[in-house]
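Chemist: These protein sequences, in sequence, are chains A and B. The opening position of the first sequence corresponds to residue -11 in the working numbering, with each subsequent residue numbered one higher. The opening position of the second sequence corresponds to residue -11 in the working numbering, with each subsequent residue numbered one higher.
Rather than coming from a laboratory, the hints here were simulated on the basis of the structure. Heads up, some of the hints might be wrong.
Intra- or inter-copy, both count: the list cannot distinguish identical chains.
[To be verified] Taking lysine to aspartate or glutamate and the EDC-like style, the derived pairs with C-alpha atoms no more than 16 Å apart in a straight line are: (1) K18 <-> E(-8); (2) K18 <-> D(-7); (3) K131 <-> D103.
Protein chains: 2
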Amino acid sequence: MELEDLPTPLRLCAGTDGSVTFLLEALTRKPVEVVTQHQDVVKADSKMAGLLGIETGQEVNQRAVILKAGGITYAYASSLAPLQHMPPKVREDLMRADIPIGKILRNHRLETRRDVSKIEVLGTSDYFGSKPVLSREYRIFFKDKILMWINEVFPIDERWNL
Amino acid sequence: MELEDLPTPLRLCAGTDGSVTFLLEALTRKPVEVVTQHQDVVKADSKMAGLLGIETGQEVNQRAVILKAGGITYAYASSLAPLQHMPPKVREDLMRADIPIGKILRNHRLETRRDVSKIEVLGTSDYFGSKPVLSREYRIFFKDKILMWINEVFPIDERWNL
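Here chain A stands alone, though its shape is the one from the complex:
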């Protein structure tokens, strides 16, 4: 399946340079609920270090959430955030969890840049099993360092007939 064949709501989520939470709220006309699946501080392995531009062994907040609206899950989002680059108050909000990233950045009035590095259609994924998904990866830059690496996965099915 090519990206241009996806339903419009999914193409919007795939390509936006803004907040996916906002898009989902506008598309579904319902509030989005962020449900944390897990959240831990880990030491960066070499793969994480490469993704984040840090040294191995540095502390990284690893979080996974699902985004739900009206009881339906629209996305699974996992993120890696190096703690050393993060303003302390942002760190607190991120660890309190259940707050969408876009809202955290806005609340703290951070000036950032989003850089989408990969958009692809996959046949399987950890969260949605053998259902095809749209997967995208992007990084949020703050003061020229990577504040966060994010992978969002959207199931491709009839739930997008909004």
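Model the placement of chain B on the given structure of chain A, informed by the hints.
Modeler: Same frame as chain A, but now just chain B:
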């Protein structure tokens, strides 16, 4: 007319914290053309100075463009940008015109923050005459100063049945 009664594409444009050009390209599945209506450098009057947080008399780039896709006009956007806060290379691109703001910011890898200050439905507007429009105003912050004030106006009619 209330905001929640608007067609979904218009609600998306009204509320996005990302680029409207990108949204229009995804919604119409066509490239967006930016057509400059006028572009001048002027001295700030007191109204401009208030909007931009600068002194009267300072230089401001005043630009108006329409955003078209597939021959149809989807938005009229006017902007005010104080020149003193602007990196010189960004200024060049802005004056060369016909480049969407979102693309200019991305090309120069600027870290910014968007702050939507007003969203309203109006019965008339300068560009679309007596057609009802959705109008929104927002400011783009860069290094804690206002880089740009933008007013986007979208006609409310059947062109959004996409």
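Chemist: Checking each numbered hint in turn, tell me which of them this model violates, lowest number first.
Modeler: none
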